[in-house]
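Asker: So the chains spell out like this:
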Amino acid sequence: RKEVEQDPGPFNVPEGATVAFNCTYSNSASQSFFWYRQDCRKEPKLLMSVYSSGNEDGRFTAQLNRASQYISLLIRDSKLSDSATYLCVVNSLRGGGATNKLIFGTGTLLAVQP
Amino acid sequence: GAVVSQHPSWVICKSGTSVKIECRSLDFQATTMFWYRQFPKQSLMLMATSNEGSKATYEQGVEKDKFLINHASLTLSTLTVTSAHPEDSSFYICSAQRFGSYNEQFFGPGTRLTVL
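Those protein sequences? They're chains P and L, same order as listed. Counting along the first sequence from 1, when you hit position 25 you're at 25 in my numbering, and nothing is skipped either side. Just add 1000 to wherever you are in the second sequence, counting from 1, and you've got my numbering.
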């Protein structure tokens, strides 16, 4: 089983739609959770961290369910510029917690259509 | 702040040659740098973790003698792909962890390596 699993998509949605991405992780000891965005042939860029209480940043809402080991990202009022691959990322501690290691999901491709 | 650069941004080389990729943190000191590899339509896979002044820690399945990592200063880490072969063609991305920042990694723009 992969440490971080995502639906690869693609998700093809019209402009203005609301779209939700889900992610599950296998290591119950994971401490930190993130959503990254990666455009084609570019490096990943941090979209938002994910907190247990849920957090919102404009049109983006992220939620974490530790009991179910489940993370979600909701995008409201999709824009053409939202088209990208969205990566679910979980940290894994090593070396007694001295070093963090990011585990990336394979990503979910979103294509927003005009 | 927190800018990471990589050089070169792309490189094409012949099979059997060695290629060096540099990763620099431009405006902060990086205690730890990470090297990732991403094949087409796949996710980033961590290759190794390097700490300034010490040997790199390689992930399982990554040959340390093939992928040489040097982290000689708090702002520079290098990855050398020795005797590159076509199967080493990939997108290599580094990230840097700022001193005092436990969780956050800042990514470089990546280096696209094509081995003919």
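Quick caveat, the hints were computed from the structure, so don't treat them as lab data. Keep in mind that the hints are not guaranteed to be accurate.
[To be verified] FRET-style restraints, in silico, Cβ to Cβ:
#	chain 1	residue 1	chain 2	residue 2	range
1	L	T1080	P	G58	20 to 30 angstroms
2	L	K1064	P	A17	43 to 53 angstroms
3	L	F1039	P	R1	18 to 28 angstroms
4	P	E3	L	S1083	27 to 37 angstroms
5	L	S1018	P	A111	19 to 29 angstroms
6	P	C40	L	P1008	18 to 28 angstroms
7	L	S1073	P	R76	14 to 24 angstroms
8	P	S49	L	V1003	43 to 53 angstroms
[As the list claims (entries may be wrong)] Cross-link-like lysine to aspartate or glutamate pairs, in silico, EDC-like; alpha carbons within 20 angstroms at most:
#	chain 1	residue 1	chain 2	residue 2
9	P	K101	P	E3
10	P	K42	L	E1059
11	L	K1066	L	D1088
12	L	K1041	P	E5
13	L	K1041	P	E3
Cβ atoms here follow ideal geometry from the backbone N, Cα and C, with glycine treated the same way.
Asker: State for each hint whether it applies.
Answerer: Structure-based check of all given hints:
Taking 20 to 30 angstroms as the suggested C-beta distance range, the pair L:T1080 and P:G58 does not conform, at roughly 42 angstroms. Taking the beta carbon of each, L:K1064 and P:A17 are about 47 angstroms apart, inside 43 to 53 angstroms as hinted. A C-beta distance of roughly 21 angstroms is found between L:F1039 and P:R1, which places it inside the suggested range of 18 to 28 angstroms. Against the hinted window of 27 to 37 angstroms, the Cβ-Cβ separation of P:E3 and L:S1083 comes to about 31 angstroms, which satisfies the hint.
For the pair L:S1018 and P:A111, the beta carbons lie near 39 angstroms from each other, so the given range of 19 to 29 angstroms is not met. Separated by about 19 angstroms at the C-beta atoms, P:C40 and L:P1008 satisfy the suggested range of 18 to 28 angstroms. Taking 14 to 24 angstroms as the suggested C-beta distance range, the pair L:S1073 and P:R76 does not conform, at roughly 44 angstroms. Checked against the hint of 43 to 53 angstroms, the C-beta distance between P:S49 and L:V1003 comes to roughly 20 angstroms, which is inconsistent with it.
About 12 angstroms separates the Cα atoms of P:K101 and P:E3, which keeps this hinted pair within 20 angstroms; it holds. Pair hint P:K42 plus L:E1059 does not hold up; C-alpha atoms about 23 angstroms apart against a cutoff of 20 angstroms. For the hint linking L:K1066 to L:D1088, the alpha-carbon distance of about 10 angstroms falls within 20 angstroms, and the restraint holds. At most 20 angstroms may separate the alpha-carbon atoms for a hinted pair to count; L:K1041 and P:E5 meet this at roughly 15 angstroms.
The straight-line distance between the Cα atoms of L:K1041 and P:E3 is roughly 18 angstroms, inside the 20 angstroms bound, and the hint therefore holds.
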